[in-house]
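Chains as they are written, first to last, in our numbering: chain A, 1 to 244; chain B, 1 to 291; chain C, 1 to 317.
Don't take every hint at face value.
Claimed, not checked - Some but not every residue of chain A turned toward chain C, in silico, with C-beta under 8 Å:
| # | residue |
| --- | --- |
| 1 | C52 |
| 2 | T54 |
| 3 | K68 |
| 4 | G71 |
| 5 | A74 |
| 6 | V79 |
| 7 | F86 |
| 8 | Q87 |
| 9 | S94 |
| 10 | L106 |
| 11 | Y107 |
| 12 | A108 |
| 13 | A111 |
Stated by the list, open to error - Partial selection, computed: residues in chain B whose CB lies under 8 Å from chain C:
| # | residue |
| --- | --- |
| 14 | L79 |
| 15 | A81 |
| 16 | A82 |
| 17 | V86 |
| 18 | R100 |
| 19 | F106 |
| 20 | V119 |
| 21 | G275 |
These are calculated hints, taken from the structure and not from any lab test.
We put the CB at the ideal spot given by N, CA and C, even for glycine.
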Amino acid sequence: MTAPLLHIEQVGKRFGGFVALDGINLEVAPGERLGLIGPNGSGKSTLVNCICGTLHNETGSVTFDGRKMDGLPAHQRTVLGVARSFQLPRPFGSLSVAENLRVPLLYAVKARSGSHLSATELDERCVEYLRLVALDHKATRRPRDLTQVEMRKLELARALAAEPKLLIADESMAGLSHSEIEDILKLLLELNARGITIILIEHIMSAVMSFSQRLVVLVSGRKIADGNPAEVMRNPEVEKAYLG
Amino acid sequence: MDFPFELLINAVIAGVLLGGFYIAVTVGISIAFGMLDIVNIAHPAFIILGSYLAYIVNASFGLDPVLVGLLMLPVFFVLGAAVYQVYYLSFEKRGQEALRGLAFFFGILFITEVALVLVFGVDYRYVEAPYIGPAAHFGFIDLPYRMLIPCVLALAMFAALQLYLGRTYVGRAIMAVAQDQGALSLMAANPIRIKRIAFGISIATAALAGAFLIIIQPVEPSVGREYIGRVFAICVLGGLGSLPGTVIGALLLGIVESITATFYGPSWAPAVAFGFLLLTLAFRPAGILGR
Amino acid sequence: MQARTFILITLVVAAAGFAATQIVSNDYVFFAGYTVLQFVVLATAWNILGGYCGYVNFGSAAFFALGAYSTVFFHKAFQMPIPLLIVVGGVVSGIIGLGMGYLTLRLRGSFFAIATLALAVVLQTLIVNWDYVGGSRGAYIIRPSALNVAGREIPYIEYLFLLMLLLAVLAIIAARTIERSRLGFGFATIRDDELAAEASGVPTLRLKLIATTISGALMGMAGAPFPYYIGYLQPQSAFALDYAVNSIAMPMIGGTASWIGPLIGAILLGTIQQVATVTISSAVNVLIVGVLLVLFVIIAPNGLVGMVQDLLRRRRA
Chain A
1 MTAPLLHIEQ VGKRFGGFVA LDGINLEVAP GERLGLIGPN GSGKSTLVNC ICGTLHNETG
61 SVTFDGRKMD GLPAHQRTVL GVARSFQLPR PFGSLSVAEN LRVPLLYAVK ARSGSHLSAT
121 ELDERCVEYL RLVALDHKAT RRPRDLTQVE MRKLELARAL AAEPKLLIAD ESMAGLSHSE
181 IEDILKLLLE LNARGITIIL IEHIMSAVMS FSQRLVVLVS GRKIADGNPA EVMRNPEVEK
241 AYLG
Chain B
1 MDFPFELLIN AVIAGVLLGG FYIAVTVGIS IAFGMLDIVN IAHPAFIILG SYLAYIVNAS
61 FGLDPVLVGL LMLPVFFVLG AAVYQVYYLS FEKRGQEALR GLAFFFGILF ITEVALVLVF
121 GVDYRYVEAP YIGPAAHFGF IDLPYRMLIP CVLALAMFAA LQLYLGRTYV GRAIMAVAQD
181 QGALSLMAAN PIRIKRIAFG ISIATAALAG AFLIIIQPVE PSVGREYIGR VFAICVLGGL
241 GSLPGTVIGA LLLGIVESIT ATFYGPSWAP AVAFGFLLLT LAFRPAGILG R
Chain C
1 MQARTFILIT LVVAAAGFAA TQIVSNDYVF FAGYTVLQFV VLATAWNILG GYCGYVNFGS
61 AAFFALGAYS TVFFHKAFQM PIPLLIVVGG VVSGIIGLGM GYLTLRLRGS FFAIATLALA
121 VVLQTLIVNW DYVGGSRGAY IIRPSALNVA GREIPYIEYL FLLMLLLAVL AIIAARTIER
181 SRLGFGFATI RDDELAAEAS GVPTLRLKLI ATTISGALMG MAGAPFPYYI GYLQPQSAFA
241 LDYAVNSIAM PMIGGTASWI GPLIGAILLG TIQQVATVTI SSAVNVLIVG VLLVLFVIIA
301 PNGLVGMVQD LLRRRRA
């Protein structure tokens, strides 16, 4: 049994009196495609924030690639290999689209590889990531000139540009058309084939079901199901959470 | 050695009275910064404005300064609403409040101070009222009326505000907008209008606070600057957005300042507030009662 | 433009400016020019933290005064040439900037801004109560009437002017270099969206500390020669609110996005103030700055440079 890439043990987080996460245990194997679903307010984004370091869990621990990440600031976790896209896109408004991708390359990737990355190599990778999300024709534009859909793609591309081992895609498909969703799914599958572990957080059930090897369901800060997608969906508790 | 107990007790009592007054000064910022997330560092400027208005009316017509403050409440409310409107349209809407909003309020603070200097000069101004001067004496304890009355009235104002925020529709809408602006718009209440009212209230409190200030001490234009640190120190110490926390923070600061001034001299007093602020920000930014 | 070319051009312009002062046989040029150049340094320094990173510093006076008072302190302790005093002033202010940043930069930007205000008052209170540097009575520094350089006698004020000129050149070159470097790139991401910057691998705290230190150090360097310039240093003049307002107003009116904005803002506003002080009064001139700040912040948030850029863009389209 290979060691898990991400190991979350008894992670808990509260906001004042409100319990956002309650003793979450989760393991993600390297190369896995994990789907994370749950009703609004169930704690999915809080969990992502705790994994990435944007928030710090009060109890429990988060271990990535054999290394305990508790207390590490977010930027160091990105250097270690965790990247995420934000649910509501947060582009760097004063930089061009291409420059937005240069940031993770210039900081996370460069910090990881020491000084072995030349300026031309950086530029080439920038272009490559832009092409992956079909935004290369808008490389010199500002984020405010992009459509909503294009901003989501930029958000995803920026996470990709950090060249992560684990990519967490937080609702990157909301508002996309059917064909656009297919494009993103194809991209994610391709990335997974290259070895990137992916956690997909989505409300679009068809996408989640077709993509995920394993499905985890979060309700009110607790994990209520974890396993084969088809079996999980048949779980009566999951049905109740979504319908009852 | 004779420990100066009497001096200490009087210092503490003076500190409590001072702290009561500080509540009036701070409650406006508690609303603006604690609830609406507006860093109005110009709040002391509005207070000083209130002081000078009380001075003018008191000197010209002999009206009691507290009365002037009460009369100015609606005027300052409108002023506050107007300032918020400019702030919202210029900065909040465009998401630029971090840099530009701060510079805006700083500019207002500065302009107010310099304008007052140009109009009134740098001489200290004071008001005349029958209760300024006499004091009540209980043994060795002195209770100057000029400190007692503002303290009591400040507490009354605070209580009235708490009632308003807790019992009326608009008041509760203000508390709601502090927690979650999105939820408020779902309630079909206009969050911008609510914030405008709240900010208006915030500035209105400055009218009364200004009247209290000039009763307690003579005023000149640069006095406002000392209060910036005090006001934010109290807010942060008490915990942002917590009105009861403001009371605790104000009393604490008043007492420590009073003791420092009594035993080490008044020239160290400004450092107390700002020192408090720096320490709190460094070690416990959530404050004593913070959420 | 290559960095080397820019440095060359800046030095040439500075030399030309200095040569121009030689033509006018009035020492007033040096006094006024010193003040304007001082503002160039302060505005440029402020902009490194304020314009590039988006963190507002209301306590410019504190760092400026630290430079001035470290000069007073060391002048009393051991006699030192001014250039060395400038370095010392920079080091002292830089360290305080670093320390203050470490205490407050982990919080939100608005808390940092308030903390800078608090710092200015705390420092002023400390200085007022410290008799060795004069306390509230102030400190005298006798300014020599002239300096002997290679046999020629130069009025001391001309020497101070030259020093400030070189300091302004240094500040501008530093700002431009940072702007175009990886560091400046990181600063921009902090300004645009700090959370996203962290998530992209930018060590935001470290960068902010660097910005605060450089900004504070430059302001301290600007303050170091001040006791010699003014002759009699009082806390009221060292910590005057004017420094805070001007160091904010000049970059915001000029334009915060690049090194050009603070330069233009400082020269423009500095000159206006010099003229107003002489013709109207010094209180009014400072009022003008405040009013302009508020107007520009509301109407032209990108400053004069931004307005020109918009105009050019519209002409092109």
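Would you pick out the hints that fail for this structure and give their numbers low to high?
Hint check: 3, 4, 8, 14, 15, 16, 20 fail, others pass.
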